[in-house]
Amino acid sequence: MNKNQAIIFFGIILAGLGISIFTLNIFGDKVEVTEEEKPVAAAPDKPAPAPETKPEPAPAPVPEPPAPEPTEAVFKSPEALVGALVDKIKARDVEGFMEIAGENAVSPAIRPQVEGLLKDPQWSPRADAPISELAKSADSVRWEIHLEKAADATATELYTDLSASEDKTSWHVAKVALPLDFAEKTGLAPASGSMKPGEPGAPGTPATPTTGLAGDSPGSVGSGAVDASDALTVAHAFSQAIVDRNFELARKLTDAERVTDERVAALMIAIEEGSFHLREDKPLIVTLSRDNLTWVLTRVDSATSDSEFAVEMGRAEPTAEWKIHGLTFSKLIASLADAAGAGGVAYAPIVADPQGGDSLVLYFEFDDEGVNARSARQLRIVADILRADPARKLHINGHADALGTDDYNEGLSNRRAAAIREQLIAFGVSGDQIVTKAFGEAMPRRPNFNPDGTDNPDNRSQNRRAEVYLDF
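Everything in the sequence shown is counted per this note's numbering, starting at 1 for the first residue and increasing by one.
What you were told as hints is all true, and nothing was included just to trick you.
With a Cα cut of at most 25 Å, we get these calculated DMTMM-like pairs of lysine to aspartate or glutamate:
1) 119 - 99
2) 119 - 79
3) 88 - 161
4) 331 - 308
5) 331 - 280
Think of the hints as simulated: they come from the structure by calculation, not from any bench.
Can you make the complete structure from the sequences, with help from the hints?
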């Protein structure tokens, strides 16, 4: 392109540009630029801000573990368990006692009596021997807590029946029971829904005292009303009554249609003869326990020997009272006979009557009507029974062996019966209560002679006797 051509070319471009600017100014819309849209000077480069981080949430507070519930104390032996109960009694801690015993162990009927005793500062566990084992059975043991009253040395007990766990590693209280004379001794009556507080006999109020029999030994069980709903309690009360010569209570606890008065008296005579007392350690052993039948072996000791007698108990139904249905004391009689040794006087204080029932038997030396020392001790027990009720009668039948004439032996048997009558009168029995009769040699208990006709001295000693029947 030459110079002229270049000038023409750039002239055309400039002309076109001018026309375009003119057209835009005339016809184009003006757009205002707001402050916000004005260009902003770029800031100098800065490091990119770190991404915003949220603070870690505070850890949730750990809840405090709940306070551990009180765990039941574990007692590895009966002694430890009963000892803990004694400690609660000493501390007058009724709540603590009930916690250890368990609510179900103390029945509502006796709870007022138990609580009343624990709260009474006059009653405390015996200092020298607060506990002892009373009885043992196949699945439990019964321990006594011995308590005494400071004012007058009156004594009573709490019975605790203890059972072992299945693995035999711990013990718990299955039942708390009371002696039959508890209300009489403590003045605390059992609960009764029909009584109001403050009424005579209401729960925790003094019970009406009862009077024991004439002739009761000091500290013996009285003859007032009894609660015979617990078999072991009845067995213990009966056994103690026998030892204490408390005939009235012993008779109350027996079934009169099954156990004769003579049998009860004979057991007392045997215990008295041997100077026996209840064994201190486990005097009662339960050999059989059923809903309506219980057998208990009562163990007794003396200064020179030990023996036992068996008590059979029954009841008509599970809610009825227990009664003594049978007594077996042949081992006791045998031990006394062995102690007496050989001699002219036999010893068997009770024999079966061929016509039914039992009779007490007193024996004599050959051709003698005198009352010996043993017979006198036996008659003192019979006298105690008769003096307690003047309406009672006693029949004495005198007997002789076959040596001598019939007339002589009849007179001898009459004198023997009369001697016993006089001894009873000397002990305070009214003569009107005694009836005597003589039989001579007519009613021997054993053959006087052997089958070959020779004399049998041992059998004859059984025939020189007087039999006593208590007509009650």
